[in-house]
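K.L.:
Residues per chain are reported as follows:
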Amino acid sequence: MAVQELSIQDPGARTAAVSPEELEDLQGEKMVVNMGPSHPATHGVLRLVIELDGETITRADPDIGYLHRGDEKIAEAMTWNQFIPYTDRLDYLAPLANNVAYALAVEKLMGIDGKLPPRCQYIRVICCELARISAHLLGIGAFAMDVGAMTVFLHTFTEREKIYNLAEALTGARFTTSYTRIGGVTRDTPPGWIASVREFCDGVSAQIDETEKLLTRNRVWVDRTQHVGVISKAQAIEFGLTGPNLRGSGCDYDVRKAHPYLCYGDLEFDIPIGSVGDCYDRYLVRMEEMRQSVRLLRQCLDRIPGGPDNASKEPVQVPDGKVSLPPKSAVLTKMEELIHQFMLVTEGPNAPAGEVYFGAENPKGELGFYIHSRGGGTPHRLKIRSPSFCNLSILPVLLPGCLMSDVVSILGSLDFVMGECDR
Amino acid sequence: MTVADPERIAEVCAAAKSTCGFDLLLDLSTVDNYGDDPRWTVVYELYSLSDSVHLRLKTHVSEERSELPSVSSVWRAADWHEREAYDMMGVRFRGHPDLRRILMWEGYPYFPLRKDFPLAGKPTDLPEVAFTRPAPLEGGPFVTAAGGRDSALREPRARTPET
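Going down the list, the protein sequences come from chains A and B. Heads up, the first sequence is in this note's numbering, so the first residue is 385 and it goes up one at a time. Heads up, the second sequence is in this note's numbering, so the first residue is 2 and it goes up one at a time.
By construction, these hints were calculated from the structure, which means they are not laboratory data. Heads up, some of the hints might be wrong.
Heads up, simulated DSBU-like pairs for lysine-lysine below, C-alpha to C-alpha not over 30 Å straight-line [to be verified]:
(1) A/K641 <-> A/K492
(2) A/K492 <-> B/K59
(3) A/K706 <-> B/K116
(4) B/K18 <-> A/K617
(5) A/K641 <-> B/K18
(6) A/K499 <-> A/K712
(7) A/K492 <-> B/K18
(8) A/K499 <-> A/K718
(9) B/K59 <-> A/K617
(10) B/K116 <-> B/K59
(11) B/K59 <-> A/K641
(12) A/K492 <-> B/K116
Fair warning: this is a prediction, and the values are worked out from it, not measured in the lab.
Next up, chain A with everything else stripped away, as it sits in the complex (with noise of 0.2 Å):
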């Protein structure tokens, strides 16, 4: 290596001379990076430890817990119903899906899971596919625009923002939504709202097809994506990978079609499955995941018991006035609604002693609660078994041997979020 003669006086400016001997010496040195806690591509607050060879990862440690709120043990101190707004915080892209996820385990506690309301169910499962769509736009958004695309970001945050508008008009809030109790939904849906989603429905098919003309044949995006970060289908259960990251490799698991909870049985919609598992396999597996919700929300407007308005009067919550609040005016003029009320309200809906175990299909893979419950208003442990906690545990064997900047694309196609990691 010739050094150069430079013109600038200060000799602290020139480059020093590096002899051969030296650089081998620094050719086998290995550099540990810090990525993380907060960095854009780490979508939240994941810390991740890379020793680089070169450009290559020889060893990854990946280090959460920076957004542990404790939540199981917070739950331990709260009736069943005061737990909902703090499964909101869980995948914060998708709170109606975990709300929804929730509901249903404490109702299969109670026993009460197959007396749900059909208008109920419906509306739920309508919740749960908007929610997919959210989470699977976002996600999409944010992969495409750490590899470098920045418009599809854009043009998915603008679905995103309907998506927003319409949990605004059904629960109330656009964020953090606590739409489900334990045996219902706190409200009917508003007037207009169906005809709201079946435009929607409309809108965000054109827009899918618009992302994909984006991506899909790009060639930047097929280079950044293809053979990179490679589960094979072993690999993918091995490491209890759930969601479009384990129907990427090649699987076929989605509990909605396994169990089928909800009216997810009475539905058509298929499971899209990759063929290499790759962070391609596992975009084109969002993407069609997004039209089966479609579908599916086209098939639940169509047949939501009650019609649009519900004309017929028909319930969302279970009948029983051990389990939801009984309507206002009843609580106000009637003796056993109002001592009804009062004990929901202090004691909290009376679940059995026992245990029991649910999975509901969300958007980045099998968020289940293991609950084991003494018997009362409160559960004595709960334990939220949460995908994307799964979904990372594999980066420790998924990134030696990638290319550092192969780190960003595989952040993105694994679709998590900290707030439901860490709890």
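Once you have looked at the hints, place chain B on chain A.
P.N.:
Just chain B, lined up with the frame of chain A:
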């Protein structure tokens, strides 16, 4: 299904995986049966993808032992689950390749999900991280008690088990 001898849980899990096809470890949780013996219950939630069946395995571990064999050699997924169980409950898994804390920071002195750990937390050498002010709803969801001179005594912000 309960496994009576916690020492054999790894064998049982390996058999469940190889002969019964429970290839997916969905969840691993621990329950603190505070005041009862044995104190810990370790719960394994298994799933068979080929047969679409769930299986729940449970085993009890006494407080004196607080240790059982790791199943991370059966499913790699158990690695992080066992680290979390150790971090939160203080149950150790023998044979785990890297049993460090996962959610709390390295060097944190307590196990927060134990029933004798107060909701408000305990002081540590990082007081700004783990505050020790009363936590809302401590002592149960409803802390109102009859009697007391004024409403502040009747309805405190929190009620610790000792007071």
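K.L.:
Could you tell me which of the hints above the structure violates, numbers in ascending order?
P.N.:
Going through the list in order, the structure violates no hint and respects every one.
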